[in-house]
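Engineer: Chains as they are written, first to last, in the numbering used here: chain F, 128 to 405; chain V, 580 to 1008; chain P, -10 to 293.
Hints may contain errors.
[What the hints assert, rightly or not] Partial pick of chain P residues on the chain V-facing surface, computed with a CB cut under 8 Å:
hint: 1; residue: 68
hint: 2; residue: 95
hint: 3; residue: 109
hint: 4; residue: 121
hint: 5; residue: 122
hint: 6; residue: 255
hint: 7; residue: 258
Hint data in this document are derived by calculation from the structure and do not stem from the laboratory. For glycine and all other residues, C-beta sits at the position ideal for the given N, C-alpha and C.
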Amino acid sequence: MTTPKPVLTVEHLTIRFGGLLAIDDLSFEARTGDITALIGPNGAGKTTAFNCITGFYKPDTGRMSFHHPSGETHLLERMDGFRIARAGVVRSFQNIRLFPAMSVAENLMVAQHVALQRASIFSIAGFLRLPSYLKAEREAHDKARYWLAQTGLENDADTLAGSLPYGSQRRLEIARAMCADPSLLCLDEPAAGLNPSESLALNALLKKIRDEHKISILLIEHDMSVVMQISDRIHVLEQGRLIASGTPDEIRANPDVIRAYLGVEDHDELAMVSGGQV
Amino acid sequence: MALHTTRPDVPALLRDAGLAGFVAALLAFPLLGFELNASAQGITLNYRLLWIVYAAAIVFAGRLGISLALFYLAPQIASLIPKSGGLFARLSPHATRYSVGVIMIVLALALPWAGADRNLVDKATLILIYIMLGWGLNIVVGLAGLLDLGYVAFYAVGAYSYAILSTTFGLSFWICLPLAGLLAGAFGIALGFPVLRLRGDYLAIVTLGFGEIIREIIINWQVVTGGPNGIGGIARPSFFGLEMLPVATEGHTTFSDFFNIPFSPDQRVIFLYYLILMLALATNFFTLRIRQLPIGRAWEALREDEIACRSLGLNPTMVKLSAFAIGATFAGFAGSFFAARQNFISPESFTFIESAIILAIVVLGGMGSQIGIVLAAILLVGLPEWFRDLAEFRMVAFGAAMVLIMIWRPQGLLSHREPTLRLGSGGSP
Amino acid sequence: MAYFLQQLINGITLGATYGLIAIGYTMVYGIIGMINFAHGDIYMIGAFISLVGFMLLAAFGITSVPLAFFLVLVFAMFFTGVYGWTVERIAYRPLRRAPRLAPLISAIGVSIVLQNFVQLSQGARVKPLQPMVHGSFQVYNDGAFQVTISYLQIMIIALTMALMVAFTLVIRYTSLGRAQRAAAQDMTMASLLGVNVDRTISITFVIGAMLAAVAGLMVTLYYGVIDFYIGFIVGIKAFTAAVLGGIGSLPGAMLGGMLIGLIEAFWSGYFSIEYKDVAAFSILVFVLIFRPTGLLGRPEIEKV
């Protein structure tokens, strides 16, 4: 059996903000069908790496290739954020970015904008409510319902997204990202602020997305119970550099990782880096 | 109850009112106490120092009166205002809103026959122009969240398109109406393309600048636009080819001859009223429908969070541009109707204050609420029309009303938003 | 060359007044993030109050020009400051936590009130003033064309520079300046740390109004005519200047004002007076497209 192409290859990624070297020559890859985790102390550059991959920041140097299951390769550093999303890299946000004044169902419909807009043919078919558009709309409703059920939000379809409790907002963000048809789902701290039982449910959901929907996941996480249980591979960042890669068991035993997290040697430096979080 | 057991803190209220009166005196001193009297010889100063006393006294008494009224009436007022959901919370169920809309349309249709005189119909026509403009701008500001302070520019483009096409090429209103809309929409795209990347307030100032640029071009490009003198003799719209004139021009028939009734200017007024009513309702229908389409949802999503939109594959520039262009198109339609109704247009009709009034209608109405815009237009355009004789007093009151309504209801009169679909157990819409 | 020099002098004079008004916009925007739409009308009020001041002094028989100028400056700054304070207190403070557009609509309302109030109380006619400051230097003469700089122009430029320096020092070194910068960064945090945010914002409006009054006084002397409508277009241009320079930045406001003044002077000097506003706005659009935060504004990193 040959190993499939990685879904994402990051090579020599570097970005600096003013004098601060946020990411320094970072290279790693995420394998197709895996859950890959990026971990590291605060300020290690995880979210910055995410922002580069999803097109919100332009890196100074480096190359990021996204290999779509269809065989196409996209060079992400050359693409606008919205084109990256259309190519199949869809993300969530650390500080939750929903459309708060719109209902949960509407949030999920916006996520299917690209497909629906195509079906509405410059809004003309949609405006005239032609059967072809109505069919696409029904399918979109079904997809939204499916992901509502998967994330346990089926009873909240018509509530305002902004009025949902925190845990539900996190799940809605994942549902919304899934509605946008990703091949690589990028989740920025999906377990932040969740209680232990919600965390467990999240683990199950992510495994299901990987195993049943065959979607690769790249996630940033602080919650080690999530990371160690569901990740296939883990990359550890410290001060913008990759210090370790491996399976959860390998990472657990890696002395560099332990040092980075406990900060035995470089206590002052670590504090400084956490203060300068981007 | 509370009002019997507690007494107002009279010294504190007096001190407060005294301070207000003092500030009023300071404000009044330079500008009410003296009058600069310009004449051919130069300028002289008239003394009206008593006015300072009047101003201070009025403000003192007013402030004291309001404080006392608030003190004694606060419990009653509080019980009158519903705790949440706002003044028109009862309107929120879909069915109620729908019936309110239908009742309003029926009333509007019946207006010319329900004993309304020509003057009233004429004023209603003016209000409808602003309702249509408000609905058009609502797409840009209320739905897409783009702050446009130069909306009047597209209104002007529509008006001048019709005026120029009609007077130089003799094209009819019905041919020019879509052309004017298209031209205004094209202007919207041309102006919007370079600037829509800017953040909110920058966009506001740039659109404001564009509004002024267009007006300046109209004033200075005399050959085409007639400059400050404007364009006169613009043809009136016809009723399916029948002219609304006492005597037909060559090769045409008048409305009155065709139906064999005596000519009356009222016919034209009523015809124009129904015409703008139809145009406005078409705008409303368009908005209600497009809100439920992907592009309409994209507008609202963009207003909510542009970054999240990008992460879902929406192209923010295209989404903004479409809202800007469609809003401009409706302004163009309204503009060509305006030119047709007035028979004469000049740059004076397209000043910044028009943009401000239209924007105020949208914001006062409650950003995105179609019925709210109707109420706000009646309030801001209708009421002042009845007090036209009071001239500048009317404008002072108009400005003050804008401030007071915003303080009273910062979120607008009707701020309830109806979701565009329901996926809950209740089934689809 | 001579003609160029003359336009340069005229442009700097004009730019100085725009800069003074732009400071009011930029400070208010910096601290509460709203476009104080009524600021142009505050400038107009300042011009009227200055004119009233001059007429009053003439009635009292004060003829010494430097003394009259100084007294009117104080008079106009004080009373215009009261207008600035009142506007903030009545129309903006209740809307501190309101949706973003509410204060803007309120400001447009205030602008309408102020214009029509002055029109009602002072009449719609243009108000002329006899020139008070005479005389000029001849800077340069190439035989065909004389370049002059009038005493009034020198006074305007010098006063503007002095105010700018004083003002920059205030913002940098006094507790008021610290409070302003703190409130601009984070209003809630500032008030938790003991900054009286309401008072700081009030003072910001008063200072903005006072600087606008100085501009109003200088324009009254420079052009010799005012009317109730002058605030609108000057207000827009001053705001344009603030955005051009980078909104929130004081040196930016001054730089933007100078640029707008120079563009206007050169455009009307070399091309046509008719499209001078078009020129100013077009430059603004170009600058914003290529440098969205203005010339001296700090580029923002988008927070994701």
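Engineer: If any of the earlier hints don't hold here, list their numbers in rising order.
Structural biologist: 4, 5, 6 and 7
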